[in-house]
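Protein chains in written order, with my numbering: chain A, 1 to 460; chain B, 1 to 311.
If you're looking for bench data, these hints aren't it; they were derived computationally from the structure. Given the structure is predicted, the values throughout are model-derived calculations rather than measurements. Please note: incorrect hints may appear among the correct ones.
[To be verified] Stretches of chain A that chain B covers, calculated by requiring three or more beta carbons in the stretch to come under 8 Å of a beta carbon on chain B:
| no. | region |
| --- | --- |
| 1 | 205-212 |
| 2 | 236-244 |
[Claimed, not checked] Pairs of lysine-lysine, DSSO-like flavour, derived with a Cα cap of 30 Å:
| no. | chain 1 | residue 1 | chain 2 | residue 2 |
| --- | --- | --- | --- | --- |
| 3 | A | 93 | A | 66 |
| 4 | A | 164 | B | 208 |
| 5 | A | 165 | B | 299 |
Glycine residues also receive a C-beta, built at the ideal position from the N, C-alpha and C atoms.
For reference, the chains in residue letters:
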Amino acid sequence: MGASRAVRRYSYQAKRAMFESLSDKFRKILKDVRGQGTLTESNVQAILKEVRLALLEADVNFTIVKDFVAAVKEKAMGKEVLESLSPGQQFTKIVYDELASLLGGEDAGLDLKGRPSVVMLVGLQGSGKTTTTAKLALHLKKKGRNPYIVPADLFRLAAVLQLKKLASDIRVDCFDSEPYSSPADICREAFRVAGLKGYDILLVDTAGRLHIDDALMTELRSMREILSPSEVLFVADSMTGQDAVNTAKGFNESIGITGVILTKFDGDARGGAALSMRVSTGRPIKFIGTGEKADALEVFHPSRLAGRILDMGDVLTLIEKAQATFDEKQAKELEKKIKRDEFTLEDFKEQLQQIKKLGSLDSILSMVPGFDAIRKSKDISVDEKELVRIEAIINSMTRGERQNPSVLNASRRQRIARGSGTRVQEVNKLMNQYADMRKMMKKLKKAGPMGLKGLFSRMS
Amino acid sequence: MNESKGKEDRMFKKLKAGFEGLKAGLARTHNAIMGGVEAAFTGKSREDILESLEESLILSDVGVTASTEIVDKLREVLAGRDEEKLRQHLRDSVYEMLKKVERPLEITSSPFVIMVLGVNGVGKTTTIGKLASRLSSEGRSVVLAAGDTFRAAAIEQLEGWGKRTGCPVIRQAQGGDPGAVVFDAMKAATARRADVVLLDTAGRLHTKANLMEELKKVQRVAGRELPGAPHENLLVLDASTGQNALSQARLFNEAVGVTGIALTKLDGTAKGGIIIAIARELGIPVRFVGVGEKVEDLKEFDAREFAEALI
Chain A
1 MGASRAVRRY SYQAKRAMFE SLSDKFRKIL KDVRGQGTLT ESNVQAILKE
51 VRLALLEADV NFTIVKDFVA AVKEKAMGKE VLESLSPGQQ FTKIVYDELA
101 SLLGGEDAGL DLKGRPSVVM LVGLQGSGKT TTTAKLALHL KKKGRNPYIV
151 PADLFRLAAV LQLKKLASDI RVDCFDSEPY SSPADICREA FRVAGLKGYD
201 ILLVDTAGRL HIDDALMTEL RSMREILSPS EVLFVADSMT GQDAVNTAKG
251 FNESIGITGV ILTKFDGDAR GGAALSMRVS TGRPIKFIGT GEKADALEVF
301 HPSRLAGRIL DMGDVLTLIE KAQATFDEKQ AKELEKKIKR DEFTLEDFKE
351 QLQQIKKLGS LDSILSMVPG FDAIRKSKDI SVDEKELVRI EAIINSMTRG
401 ERQNPSVLNA SRRQRIARGS GTRVQEVNKL MNQYADMRKM MKKLKKAGPM
451 GLKGLFSRMS
Chain B
1 MNESKGKEDR MFKKLKAGFE GLKAGLARTH NAIMGGVEAA FTGKSREDIL
51 ESLEESLILS DVGVTASTEI VDKLREVLAG RDEEKLRQHL RDSVYEMLKK
101 VERPLEITSS PFVIMVLGVN GVGKTTTIGK LASRLSSEGR SVVLAAGDTF
151 RAAAIEQLEG WGKRTGCPVI RQAQGGDPGA VVFDAMKAAT ARRADVVLLD
201 TAGRLHTKAN LMEELKKVQR VAGRELPGAP HENLLVLDAS TGQNALSQAR
251 LFNEAVGVTG IALTKLDGTA KGGIIIAIAR ELGIPVRFVG VGEKVEDLKE
301 FDAREFAEAL I
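Same shape as in the complex, but just chain B (with noise of 0.2 Å):
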């Protein structure tokens, strides 16, 4: 209904200006970063140096405790001072506390039901959409579910995507339950044979007990319908989002158990450093970043990659 010309113009201009990847769109963060790295190594005393590091570490949003814990340790091996092996310290360190948690999403089941979740406007529906097209493209039946009945147009919103990638979409009326819709779309995805289930759910800020109550029903009412499912908790993050994102992770994971993070937005200027505290305090899987707003755009999460762009 929204398939206008301006839109498809401006994809068109997007596509043209080239598939930039993931090193591409995290450029801007390592530019960041080593901005403030190599201001920091021009003839400044060794505290300096360290305190503009920190520094840098900061603006990522990596946090305060995970920052001193990364420039402590490169606090031991400076003594050496070169340059080169100093900034190679630093993404080792940022590497050694990442690496634990890539850990590509394995589909193990059939159907396997991937419950995406987050708070308000960090990208899910989007997600979803991206990753339907690129389960599709790898040969998987796909079905959609339009758990987020609270939202005006979150429907529609999918079935946009449905239309687009060309998944079913299992859907009610809006304002209605559900733990209905996952009900159906379980039914469905089992007449079906389906693959993969990708089930929306809605928006939610993360301390809202009665919202968190109604995800556990939704889980609930999924491995009632189709045991072990749903077999993805995927909690999607804005990679905007500040010291906050620890908040979101945890409290979600109290509530459903989150086993896999998306981070969006990635192909702004934040950095999306929070992942390093969520990673050292929770250690839940980083799964995919989203780098920009083309289907193709839905990457694998890659420690090494990341943790070079960022220093």
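Looking at chain A on its own, in the form it has when it is part of the complex (with noise of 0.2 Å):
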């Protein structure tokens, strides 16, 4: 028992400490920055602040977040606000399509030229190489490749052992390293072999070293010389922290690397060291590692990640799902209504079909950011049913009732109670909110034209 509250009580620790930081900040200024018409120059600057604060947080290198904050400024300031989206969610697009883009293309995929063609894993001690290397094996043998695995590090004590073993687990033929004395001596023979037994790709597990260890980095180059590799992947700890610019610029200057694979994706880290490894070597990321397993190796989505550097929820799938869903011309209509004060039941239960459209209630509210949070602390639960009942209430009424609620005395709402299989206390209730609704319409009427998306907007 004591254990598994211990457990749920990680799972939400590391959630909130994935929460806390920017997500809450935005919504705070995001808060400040709805209302105004467009983005200006104080509101922009204030969250600009928070942005710069949040990804230095997040590990992304210090001279690559200014330039960022520099970008991001000049494309905010000023511009007119698209009519679908508050300046705050405006502005956050904004900088999250900078992120993206800086993030690379999506699926740069491997490059397998040459026959056998060979792959080189480089990178520090500890960054996952090994791990790495049996994972990308797995991967192209489902691909229908006849992978070669190389174990080249004989520094590190049984790292040999270990790649054998996890190749056996993959049941992916290695090569016996273990007579040879050096990592030339070894490339060299396990090419020769690969060529004879028809092994169509060559994965060469490297020592970890440091990119500042001259005598290592010019091993590297020759195993590189003797490989001629179409891929020399640089495997990197998702968790680095500023110093990734410097390792990764370090190895791209001195051997020339091809991508990277970022490891250890699984954690709470913001992972902003990929933006760092993608902006000073110009390489894509090619693949994240999620797991232990085997199979635990993912292509990279450069659009996730910029999400969860940002750590914005899934916000931005609200938005496109909502321009997505509302109908223009509906919108338009029932604004009209509102304005004129004809928001009918009907109408409501059009609203009620369109939300239905978005997905489940519970996993619209997740897609908002801090939600989660606030349903914690707060202990709110989504009742999925209510929808169904509103639904069934308003089905019961006749047309003119829908038409005009006020017809509805005690013998007509018991009718439609049973017709809809509620009780008249859940009609009354309806009733209720139907009226709340409807003086709230006359307020946001008064407030201003932003009619249904304004609603919509407030929600977020």
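Each of the two chains sits in its own frame; use the hints to bring them together as a complex.
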């Protein structure tokens, strides 16, 4: 019992740690930005400060953050706000787009020319090269390739044995490196054997090393000369701090990397190092490691990482969905009705159906940043059935009743309750809610021309 | 098995390069920061100087909060504007934050059990190897316990260190229960009257609840077999880790209580500045720093030296 409580506490804290920083700050600032027609110098300045802080906390390199913030500022200033987005959302989108574009296009893929083609994995000690070599082998095997694993880390104790074991677990052949005394010999021999036995990809694991260790970087260069690999992948820990720029650059300048694999991505690090490495080397991030098992390797999607760095929940998905679902014409019509105070129960029902198109209420709300935290602190539960009941009640009304609910006397209400399988109290509750809603709409009408979209933007 | 010639050559070359020690290992750190500081003192305005100092700290992974705090303190004394005074003050500020965590490991009972923990790839096993060598050379008898039963060849890696240091290794098969290894290790340590047990554990991300539960179980088993054990929960942190190291320290601390930290891989270009944030928030003693791959490259943490090297 105690254990399971502790488990819950952990996952909660891990989540909270991710949640507390940017999304909360964004919410606070968005509150101020909202209601203003444009993004101004002063409100942009305030939010940019927060963006800067959040990126630094996510371990994005200081210099890159500086450039990034300057770029966002330029794009945000004086820009006309899209009608469909509030200024806050608009700004978030600018930041997000800028991040995603810096992180590069979708799915860089592997370049596997040559036969056999050679993929070398390089990096610092403990970044996860050996595990990743096995994962990559499994990934390629599943794609119908015939990979050959080559352990070339003779320095770390039992590194060769580790890779041999991993290879046998995933049933991929592994070169027997143990008789050899230098990585260069291993490369030569493995390449020869691969040609004879018809393997089409060599995956070469190398010893971890510091980018400033000249002797070891020279060793890597000589291995590269022997193998002429089509891919030299820099394996990096996603928890790396400011130093990511130095190491990635160091490796790139010294041996020329073709891409990056980010490991240990299943923790709570924001992975800002990815941005640093991508920007400082110009090389794409190709895969991410998401667990200890051999199949925990995923193709990298820049947009997802951008969301993670910004810790935005899925607010953009929500915006996109809402934009797609809310029919422009219908919305205009509704706006007119609200203005003329003609919002009927019929319209109400239509609105419910629109919301349902977005997905379950729970899933919609969880896309709102910070909502999970609110839900936890206030113990809010969302009753999906409530919507169904409301619809049933409205369906049990006559057309006339829907147009003019004031005719609903006690006996009519009883009939409706019976017809919808609810109780009179529930019918009464709905009618009260409807009355409240109309009152709110009257206020809204006075407040401004935002209409339904205004209502919606208030949700997030 | 992998005591190959290439490796020995490499070791020899490294040795030839000289025993640079901590100061040398941190020299790059020092230079990087001083580069920033020196640039800062070439005819800039006060705020420019402060901003650039803050930048130096952030680039060392000190983190925004701690950096701001340090620079704010600096702002108060900046009235004097004397370069050397400022520099000294910045050093002192860092030292102030770190001196309370400069508490070397004391072996107070026998057998003294040290459980070594951390996320994957920070250098737990290597740290154990270096620690075993250090403690043996001090004349203590050391038992190694291969508690990482998960990762392929982790046991063999520890056995390699056992061979190198002459310390017995208590092990079971890969995939076995780490609790059972600990049980055996406690029994063996008592029977052999060992002075120290170094207990290796599998690397685990601090956010994985089930793996943290496993760690708690290992701790419980140790305590049941040997009251008071483990006497030290040594968290190994990689100096190249950024702000996430704070999260690691927090969650490992909540799970099993961290009593000491070893900061590894300080011989690269990473600065390990996050240790300042960890000291501020959690106050966990920093026992060791790793400044190279040689066994003697595990040094006792010295707050003054660290601060001097940083600024």
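> Which earlier hints turn out false for this structure, listed by number in ascending order?
Replying inline: Hint 5 contradicted; others consistent.
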